[in-house]
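Participant: In case you want the letters, here they are:
Protein chains: 2
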Amino acid sequence: MPATYQPPVATMRFLLEDVLDFDAQMAQLPGFEDASADLAAEVLTVAGRMCADRLAPLNLPGDAAGSKLVDGKVITPPGFAEAYAEFVAAGWSGLAGDPAFGGQGLPRTVQIMLDEMVSAANLSFGLFPGLTRGAAEALAAHGSDELKATYLEKLVTGEWCGAMALTEASAGTDLGLLRTRADPRDDGSYSIIGTKIFISSGDQDFGNNVVHLVLARLPDAPAGVKGISLFLVPKLLPGDARDWTERNAMSVGALEHKMGIHAQPTCVMNYDGATGWLVGEAGRGLNAMFTMMNAERLFVGIQGLGLADAATQAAVTYARERLQGRGADGSGPVPIIAHADVRKMLLAGRAFVEPARALAAWTAIRMDVAERHPDPVVSAAAHADVALLTPVIKAAFTDFGFETTVLAQQVFGGHGYIHEAGMEQFVRDARITQIYEGTNGVQAMDLVSRKVTMEGGAPLRSYLDMIAADLAKADPALTDPLAAQMRDALALLETASETIAAAAGDTDRLGAAATEYLNLFALVSLGWMWLRILAASPALGATRTPQAYAAMARYYATYMLPRTALHAARIAAGPEPVMALDEELF
Amino acid sequence: MPATYQPPVATMRFLLEDVLDFDAQMAQLPGFEDASADLAAEVLTVAGRMCADRLAPLNLPGDAAGSKLVDGKVITPPGFAEAYAEFVAAGWSGLAGDPAFGGQGLPRTVQIMLDEMVSAANLSFGLFPGLTRGAAEALAAHGSDELKATYLEKLVTGEWCGAMALTEASAGTDLGLLRTRADPRDDGSYSIIGTKIFISSGDQDFGNNVVHLVLARLPDAPAGVKGISLFLVPKLLPGDARDWTERNAMSVGALEHKMGIHAQPTCVMNYDGATGWLVGEAGRGLNAMFTMMNAERLFVGIQGLGLADAATQAAVTYARERLQGRGADGSGPVPIIAHADVRKMLLAGRAFVEPARALAAWTAIRMDVAERHPDPVVSAAAHADVALLTPVIKAAFTDFGFETTVLAQQVFGGHGYIHEAGMEQFVRDARITQIYEGTNGVQAMDLVSRKVTMEGGAPLRSYLDMIAADLAKADPALTDPLAAQMRDALALLETASETIAAAAGDTDRLGAAATEYLNLFALVSLGWMWLRILAASPALGATRTPQAYAAMARYYATYMLPRTALHAARIAAGPEPVMALDEELF
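Line order of the protein sequences matches chains A and B. All you need for this note's numbering is the position in the first sequence, starting with 1, plus 20. All you need for this note's numbering is the position in the second sequence, starting with 1, plus 20.
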């Protein structure tokens, strides 16, 4: 049996209270004055129990059963429908939703901590509320009052589910190539015709409506991305009786056969003249989608973090119980956690998870500030931080997350390759996070071609200055050897940032540098969070946690941060080593 | 549909003929005087056709169907039994087998090239002849004349299959913990009682006998590894009528539910008083197993190489066909092979596969020399080279191999996550190669605790001197910038080797350094092979291959070889960053 998942609520509370100054930050935000680390911990304790006790036990059987398509109907694994109903009834779907539409009105910071626990417990499940929230946010930002009045509360509360229909067989990263049509009708609605693939939560058997947001082209639309509009297309239509029992002309053509997230019904969706309504302006569909892209991409990064934590927890438990080999003194068999090679695999997980959770929370706080702070200058600066960090968290957390699940699986030896141990599922599930919501390569291009140079580079400058300021005041007794190495690493990031800024418009140079720069940026950012965790750790008093953090940060400084030099050297090498080979000679 | 596999026979021929001086080396070996690159290429061309046309098409459907256990009988996927029969009839099973027992008597070097193609085409299938060969080798080295007379020809030809039964639920890496019993009977046979897990090719429906080599304990055996003996336990017994229809008291308890190699029936085997015969001396069972461990571990490394090549081939094909995004000049959509980020993923594959194939062939030639050279000094030196390189190839090729399949899958974007594209299967299948036949962590410990210091370090010294000699004579026009970087990397390996040698007996220091040292060793070794490939590439004349090799080697020098500095720095940091954290604080 897979190990039990332990919700990391105590750590989350420490991060909010001692590392990130959550209460003081929220106090400045209208509507969040009463939000506090205390409240967050209270909420997350209850939510964590649901994740550990209800969602985690469905994860492995859900993988084995998978979602099925039977006579055109999606059948989710046993227990999923009931768990979803409980999740909604407890208010978890609308945790950060607008109270005007049935939400709980808590900060996003609390939401992403819930997201981490849900993802750790059951990634396939987490995509139902996750996609629903995405649809709600796009609708809230761009929908007409009439559409909002009809659909928004149902989505915010999670009573109905949402899905985002973007990708087509020949239009993935490059959505400008999409072909789905939207023909206007006399009544103001549109007839949607086309086929979409990879549609997470496209349908299920929860007995509710599924509201699709679909990208499509109007008949007179120009080619490329400027011809794309967004449409709301519900599975069930109100009908003349307004009883929402009329089926829209849309169907699940197939479920994708995937490497992982088997419990999640990833659909091929056919829209056969389905009724839809325009969301936002015609031709501005991509724009409307990107409104909620930051939040969705941050969510995917969090998924990588959650899976990494769950896998590392399981590996630590196993490494303490499994007896093999001799200890340094020749006695044995000893628990394999005694072996240096096993410890390295576990430490790699912990050294990533702890600062990653802090960086995610830092970014979520900036999102809350961006959305709520009354001073537009403060708000804009926070918004820029979020824009800068979003591709970094999406890509780096999912790359590190995948690597972490692989290492955790390796700790189990042959048993890790067997389904029943649960470790190979973590690896298969984690793999999708590097791909969906924009592949990690696309994230890296976003970072180097847009984020680094936005507003003349001011947000990046301000971010790096913040790290430098924390470094300047770092207490060597608490933070060395990390602080010393961070100075070198930050200097590398400064230089690389200049290189990237100077390469603006040079597609090949940016493309060759993109992933290297993103990783360099992430490693420095995680190191920065380690500095802040170490600086705050005396607040934990005489517990043994500060000692643990010091050892994990030291591992980070010795084993992980030095990768920065490698990335910096590759960036300095320029595009020639990548572009020299003729396409036909590969 | 997955891309077609192209057997790399032309490259293999170039390696044998121009890089590794195969003909001259074989000419010194009694029995191999007529072996030549010409002959090898001829044989491999025919074998490659079988791999591409017969085995590769069964790979994806074999994964989908999987092997099943129905009423205690193993059912392999459609086509496997027929393909196995063809494989045996064509003589591929016994390619390097002893002609006295029905083998073809070709060098191991040709065998490992066949192994690469079989693994690339269908890893699950390849484990049938692979395990059979392992069993044959152990029997040939340690079996009595009577056992050999009865079983060896059947195994060498592949008419019967072989399996190796080592692991138990609580005895994996640490075989000293195993509990399976062997009680002597009056007729000289033994009654084998116990349960083994993870038994590849434990049974099938090919209509033949399956000869198990089982590790077990005699009643009076001491605890630990010295109490382990090896037994031959056939599925079918000769019986009084000598017609081989009597079932032995052994059965398949279950098939393991695995992450990958689904077509391969990995068995839980129950031996319920099964009849077996001692192979070799009592108490020397592990020794007998390790006779063929070098060959088996080299084979697993080759599997990583084969999968990496197959996955990279498929990714290159896809990257040429898939249109997304704009080119550097703004035109588009363009084939994604135009994008720097995609090129990097493909180049990482090619930059590994080409020198890895060369290093595998170099090592296999050393095996042939070790087994056949009439001068015992020459033979012993070759044997030491093989012992040194075996853990490196097993671990590094499977780690790089796995990484390569992940990158190749990433090239496909969302499509890579879908079963039908075949890419996610490569990833799942590759994952086992890092685990079985001794996890890669175990390989690294073997390297640092035994191989570096064997014979007072002489084999390592001689290996490093060989690389230094090739570097000294490297033509800058052909080999820069690689040669320049190789000088630094070799110096790091020299220093790290001294550190490892000085740490003999210090389990924690060796354990913390092990994987780092193995990777450092592998990166320098692959760089060395790139040097030799570049030096030999003028022999390819006016083809475009030399230009391609130069670009791939440059990528290797810029992106991959610099990892050596990271590994060296971690080794220099010593064990403290790994050992400092208390076990209970993870």
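A couple of the hints might just be wrong.
The list makes no distinction among identical chains, and a pair is therefore deemed to hold if it is satisfied within one copy or across any two copies.
Pairs of lysine-lysine residues, derived as BS3-like cross-links and limited to a Cα-Cα distance of at most 30 Å, are as follows [stated by the list, open to error]:
hint, residue 1, residue 2
1, Lys-168, Lys-93
2, Lys-278, Lys-88
3, Lys-93, Lys-278
4, Lys-168, Lys-246
5, Lys-93, Lys-246
6, Lys-493, Lys-278
By construction, these hints were calculated from the structure, which means they are not laboratory data.
Participant: Against this structure, judge whether each hint is valid.
Facilitator: Here is how each hint holds up against the structure:
1. Taking the shortest alpha-carbon separations for Lys-168 and Lys-93, only the intra-copy value of 28 Å comes in at or below 30 Å, while the best inter-copy value is 60 Å.
2. In this homomeric assembly, Lys-278 and Lys-88 come within 30 Å of each other (Cα to Cα) both inside a single copy, at 12 Å, and across copies, at 21 Å.
3. In this homomeric assembly, Lys-93 and Lys-278 come within 30 Å of each other (Cα to Cα) both inside a single copy, at 18 Å, and across copies, at 29 Å.
4. Taking the shortest alpha-carbon separations for Lys-168 and Lys-246, only the intra-copy value of 25 Å comes in at or below 30 Å, while the best inter-copy value is 75 Å.
5. In this assembly of identical chains, the alpha carbons of Lys-93 and Lys-246 never lie at most 30 Å apart, being 35 Å within a copy and 60 Å across copies at closest.
6. With identical chains, the CA atoms of Lys-493 and Lys-278 are never at most 30 Å apart, being 49 Å at best within one copy and 51 Å at best between copies.
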